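Peer 1: So you can see what is in the structure, the chains are spelled out below.
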Amino acid sequence: MKKIIFILFLIAIITISAIGLLRDNSYQPTRLDELLENYPKEYTPSADHSQFEILKKKFSSPQQVTEACNSCHTERHKEVMQSNHWNWTREEYVEGRGIISLGKINAINNFCIGVEGNEQSCAKCHVGYGMTSSMFSFTDPKNIDCLVCHDNSDTYAKASEKGGAPDISVNFNTVAQSVGKPGRSNCGVCHFYGGGGNNVKHGDLEESMFEPTRDVDIHMASDGADMSCIECHTTEKHVIKGKVYSLSSMNRNRSECEQCHTSSPHEQSILNEHTYKVACQTCHIPIYAKVNATKTHWDWSTAGKLKNGEPYSEEDADGNHTYLSIKGSFVWGKNLKPEYIWFNGTADHYLLGDVINDTSKPLTLNTMHGSYTDETSKIYPVKIHRAVQPYDPVNKILIQPKLFADEKGEGALWKDFNWLRASEVGMKEVHLPFSGKIAFIKTEMYWPINHMVSTKDLSVSCTECHSRENSRLAQLNDFYMPGRDYSRFVETAGVGIILLTLLGVFVHGAVRIIASNKKERK
Amino acid sequence: MIKQVYIYKSFERFWHWTQAVIIFMLVITGFEIHRFITFFGYGNAVRYHNIAAYSFIVLIVFAIFWHFTTGAWRQYLPTRKNLKAQMDYYLLGIFRNAPHPTKKTVLSKLNPLQKLVYLGLKVLVIPVIVFSGLMYMFYRYPQGNTIRVLNIQSVEVFAIIHTIGAFLLVAFIIAHLYLITTGLTITSNLKAMITGYEELEDEEQLQIDKNDISNGSEDSISDTITKS
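Protein chains in written order, with the working numbering: chain P, 1 to 522; chain H, 1001 to 1228.
Looking at chain H on its own, in the form it has when it is part of the complex:
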């Protein structure tokens, strides 16, 4: 039975959309600094990029806090269960209108592919971008800084790493924007991220999941989901 379920809490939606706006700003201004596009003017692009970067870091701090206090970080623990099935679905099943192999629940919102990609973003791409960006922002020429550690000889390494991160992030955004159309209906994922409510399996099923997570076994959640 399909039911409207409140799946994205207000913080999650706020976090998601603020992040979307900030990353959009960072991409536009970043590629202007990189001289791919001209939009704000170079000086402004640098200024806006820095402001957006600070905002992003503040947001990340809040998001990390939220993830740990709510236990939501467990959502990203990778699993091999269903990974192949999920790939098969995107490569074949989706064209035959086959059902999603992974069922979305409040406590397990991500399919195995999403888990992998988001984990990669969170532990690799974003930290690398943030770190290289901070070095970019705060590196000083040898005589310029009282913090000796930041007296690096050249920004080149950090600049290039930062650029790699930017390309990966843009590729992610393109894929992400497309994949949100692969929900139950074309717009159901988008609606869910706006309203918080999504049509999901019935309440009973959720109840079972909840019991499982309280037992603390991640695998058992996946098992339950797979079985269901």
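Okay, chain P solo, but in the shape it has when bound:
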């Protein structure tokens, strides 16, 4: 009887182990099936705008098109005028500062530094017309640019350096009659070119995302799910979900993977457990800037050099600028591994006029908060853009130089190549003191990497992080991670004990053999 029980027990253990070992791993979360079913469905708009008489009349200005839009969509302009796309600022609560107005309008970055004073050029990416100076009125609904987002003819374009006005080539009737939901090209035309060129800023948002392959982005792949931006960045009443922490501070209205995938999408519970502390993006975006390079370093201090009195440019083998007289020197990177930080959804920002406490170390322009011990923090991938940019060493504040002007002699750096003058004029326009001294400081900006999600077979594997050498998380050392961390003392003592035991066994064994051989000989 006993024997039978033992045998049954043995069989039970073997069975349990076998089930564990041989379990099939190819798992499809049920939610994904639903999504796959829904996404190929063709969207049919409720109205054909080419049928409307009002859109067939001759328009002499873009404002007239907006008036035509507003004559039917009588309330939409109010929504747009509440949005960040229009205001370039929003009320945000920042710990230590209180409630502040924060946006492109008053933040400083380490690309083209800031909007104020340079509106005429920067407004090429404003959803409005006529922002030719800081005196722009944000209250006139006629100046809303409906077309840049809703053009479905792919013929609309904004003119360079014209305060947001459309290019003269645009046929308003063609564009107005084509309007519909924004597609990838509507969003991409601004968001892919931030910082003055393709992929300069984000690293994970660039022109290859207009028609990406599955290798570039599994969601937007034109040979795959072919999703548009607004399918994740869901929008209601012109409030678009998702924002980027170069300007945002609060943990609200974020667009997240969990919207579709839930927080436990894996078959293996050990992977689901990772989601307590690791954001989806960390494993599923192993590299970014997959097709075209992104700017990783920008040195403003070399700007202003001239050849024969003329500005010039230098390019690397891939055609990326490595030097521009107007902007300085650049370093680009392609197929980059992200850096990793703890992040809890809140951030602080360097605002115009903030005094720099320590000028000896790099100044972070957008501090993303988080740590291992913070319950709400997770590990996120980021691109860190490092720069060297001008500051006033006497007043210890970053300089907002005047970069753009129509004509020479107005003090703009890009026309006159005079740092002192550009700083004087720029600081005057933002109503900040300037001592007349210019120095350069290292700065860093953190850009969360959220796009260019790879196929699951390319996800970051266990040992890329759980590794003693070259761990992706080598910089995040405020916690113990199995496989990466260990106690040096325990390691040495443990290996020592094992070696001593082995030594003891060998010596004892050897003496035994020798002793018994002697005996035999006797």
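Among the hints, erroneous ones may be present.
As a list, the in silico DSSO-like pairs of lysine-lysine whose alpha-carbon atoms are at most 27 Å apart [said to hold, decoys possible]: (1) H:Lys1122 - P:Lys3; (2) P:Lys56 - P:Lys181; (3) H:Lys1103 - P:Lys519; (4) H:Lys1109 - H:Lys1081; (5) P:Lys56 - P:Lys41; (6) P:Lys428 - P:Lys456; (7) P:Lys305 - P:Lys442; (8) H:Lys1191 - P:Lys519; (9) P:Lys337 - P:Lys442; (10) P:Lys415 - P:Lys334; (11) H:Lys1109 - H:Lys1122; (12) P:Lys3 - H:Lys1191; (13) P:Lys241 - P:Lys277; (14) H:Lys1009 - P:Lys519; (15) P:Lys3 - H:Lys1084; (16) P:Lys243 - P:Lys442; (17) P:Lys415 - P:Lys305; (18) P:Lys241 - P:Lys361; (19) H:Lys1081 - P:Lys3; (20) P:Lys162 - P:Lys428; (21) H:Lys1109 - P:Lys3; (22) P:Lys104 - P:Lys396.
Read the hints as simulated data drawn from the structure, not as lab findings.
None of these values were measured; they are calculated from a predicted model.
Go by the hints and put chain H onto chain P.
Peer 2: Okay, now just chain H, sitting in the frame of chain P:
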């Protein structure tokens, strides 16, 4: 007189060898997780380590039950009797082919050194490894667990204790594998653990021991053995 005696019951042998296989798995996978070796692949190593750990715990539960129901736990009660003699034997006597100072019987299978080491394993090393391992397996970050007690801040302490246990266990296994060759012949201990039968002192002697244990005195067993 030397006689073949049935010394390891089928459960004991089953327990011993299952434990051997499980611990072997735990050591291989554990040191892979610790990044000493690469064998199964990291993800698999974690999975197998967890399966082996659960199997080990089930086995331990059965073993504890068995030890208490059969009274076999008394085998591990430490004694100072013969301890010195046993040490002298391993350090000197064994080379001169001197007889084992402690006689092995069904009711007292372990010499005083073994008693100490196995007791240490059972009440210290294994519980510490199992406990730290369970904490390792079940600890959650503060927001992750409804069982508040398990919401520890860092796994570091448990991870390091677990590692210490692992090193000690490996050292034990090395010594153990060597010491099984120090029986009557080189393979007699191994054979005994496989077949259950070992060549021991004659039946009469065993009978005396049995009487003693029924009197309930552990010392008297040792005394008897020593005298014999």
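Peer 1: Which of the stated hints cannot be reconciled with the structure, identified by number in ascending sequence?
Peer 2: 5, 6, 10, 14, 15, 18, 19
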